[in-house]
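Asker: Chains as they are written, first to last, in the numbering used here: chain E, 16 to 303; chain Z, 16 to 303.
I should point out that these hints are in silico values taken from the structure, not numbers from a laboratory. A couple of the hints might just be wrong.
Note: identical chains are not told apart, hence a pair may lie in one copy or across any two.
Unchecked claim - Calculated pairs, DSS-like style, for lysine-lysine (alpha carbon to alpha carbon, straight line, at most 27 Å):
1. LYS271 / LYS287
2. LYS44 / LYS287
3. LYS287 / LYS34
4. LYS271 / LYS213
5. LYS254 / LYS120
6. LYS31 / LYS216
7. LYS216 / LYS162
Number of protein chains: 2
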Amino acid sequence: MTFHQNLNQISSLVEKKMKELLPSVSSEKDRKLVDAMSYSSLSSGKRLRPFLTFISASLFGVSQESALRAASAIEFVHAYSIIHDDLPAMDDDDERRGQPSCHIKFGEAAAILAGDALLTLAFEIMSDKDTHPDSNVRCDLVSALAKAIGCHGMVGGQMLDVLSEESEFSVNEIMRMQRMKTGELFAVACETGAILGKSSKNLRNSLRNYAHSLGLAFQITDDIMDNTSDNQENGKIYKKTNVDNIGIENSQEQAKMLISQAISHLHVFEEKADPLRELARFVLERNR
Amino acid sequence: MTFHQNLNQISSLVEKKMKELLPSVSSEKDRKLVDAMSYSSLSSGKRLRPFLTFISASLFGVSQESALRAASAIEFVHAYSIIHDDLPAMDDDDERRGQPSCHIKFGEAAAILAGDALLTLAFEIMSDKDTHPDSNVRCDLVSALAKAIGCHGMVGGQMLDVLSEESEFSVNEIMRMQRMKTGELFAVACETGAILGKSSKNLRNSLRNYAHSLGLAFQITDDIMDNTSDNQENGKIYKKTNVDNIGIENSQEQAKMLISQAISHLHVFEEKADPLRELARFVLERNR
């Protein structure tokens, strides 16, 4: 099976599980919120984060049901962050992957609440017995996820992103912002697999470090693509990134270095971690 | 000690704990988010929900540290919901308890993110070993809280509240909306005390039922106060409530009935539950 076949297959399994986990509609008036949640979480996406969870879990022989439930929770958090980041008060993006963004389709109030509900759903899933029979594991999942999202994680990173539009940010400050905004969710996606597998602290950290470097490389290749495509045409606000600070060539070099760094953390897992290595190469090559 | 002295004393203890639990600022650029979180959660409030948690926990001999941490998490969730409910896309309230609301003071982006971070912080606290040594208890806390917030709880209720401005809602539908929007957080505030105390299912349900009726009565007395004060003057959107549907007198009767219903659930706890009985009377009498 090629890497892309593998990615697509896992992505289908995760989507099926996400559909199962989204709340059911008990009264007609409840439909809008659930529709907004489904629209944003089930719309097309590469499902890189759940892939990280699924493959990491497989390194420790975790059951497929546990892995898929936790991977779905991670993707719900990603969907929440996209909905809130796209809001007019934030990045003000009318489109996401060629489709109207959540607040354009359902209105701002429903979008804010759908984000809140998806975030909450992720914690509900992580703390549920069906995700793992051991309550220590479930608490660990909740803790790690909360830390990755909160003030020192995604939410803190998004706040810095908003502030970076109005004040000077150094190369290091932009890097820190990206680590928080993108790196932390990548890292916890991998960590989640290790927690489910009751892995040693060492292996858990290896996966975390792999994913952190991968996330940063992902952000840089994203910024390169934004920089080379003509976003002003789409009416999108162009944000200054480190690509503007250090140039495209240096950014490409940096991404390359981060990817080899990421891969170097995987040697303890031998060939079992090949899908993670392939993912790393995929992230690097998608901007060519 | 009178009821008000008791309420004030517990409120001070909770506020002290909340200050401890709010994240620290590691870099100057992180200050805004933490300031917005602190502003909205530490600003004056009656702290009724943490009082419910604290007193419920005391019925089962829970340690003060556990009770205060969990009570703080409940109040952080309340603060999150206030911030998001006040946003321009929702109720568009510029003021909260006589002070500028979070988005007026810090801007909309910071307000949305401060809400997200407070919501996340609550789950982080509930899953933390310092809140309770038993991981089963911690998972239960997270689960119950997530259910009270999600689609079938506060967030679902707020969505219905937004929809009620544009479509017809029956008396029963408004009641259901208020049960979700207000009742669920009251209920989980009490349940949290019972979970910390590893109470029987019966006692946990008694407290849940008490708090649910209390929450509904609280909402009705709030609506009566809104109905009798002149809110249009404050430029606040006046929302139709059941006070408009059934009249002030009937609403007062309903609140009274709910309060005796609430108190009736407490008989198993004998005089130990007196603070909860006094709170119920306080909720009823504040509109006179």
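Asker: Hints first: check each against the structure and report whether it holds.
Answerer: Structure-based check of each hint:
1. LYS271 / LYS287: within (22 Å within a copy, 66 Å between copies)
2. LYS44 / LYS287: Classified as neither; 48 Å inside a copy, 41 Å across copies.
3. LYS287 / LYS34: For LYS287 and LYS34, the Cα distance exceeds 27 Å both inside one copy (29 Å) and across copies (46 Å).
4. LYS271 / LYS213: Answer is neither: 32 Å inside a copy and 53 Å across each miss the 27 Å cutoff.
5. LYS254 / LYS120: Both ways: LYS254 and LYS120 sit 25 Å apart in one copy and 25 Å across, limit 27 Å.
6. LYS31 / LYS216: Classified as neither; 31 Å inside a copy, 34 Å across copies.
7. LYS216 / LYS162: within (17 Å within a copy, 31 Å between copies)
The structure is inconsistent with the numbered hints 2, 3, 4, 6, although it conforms to all the rest.
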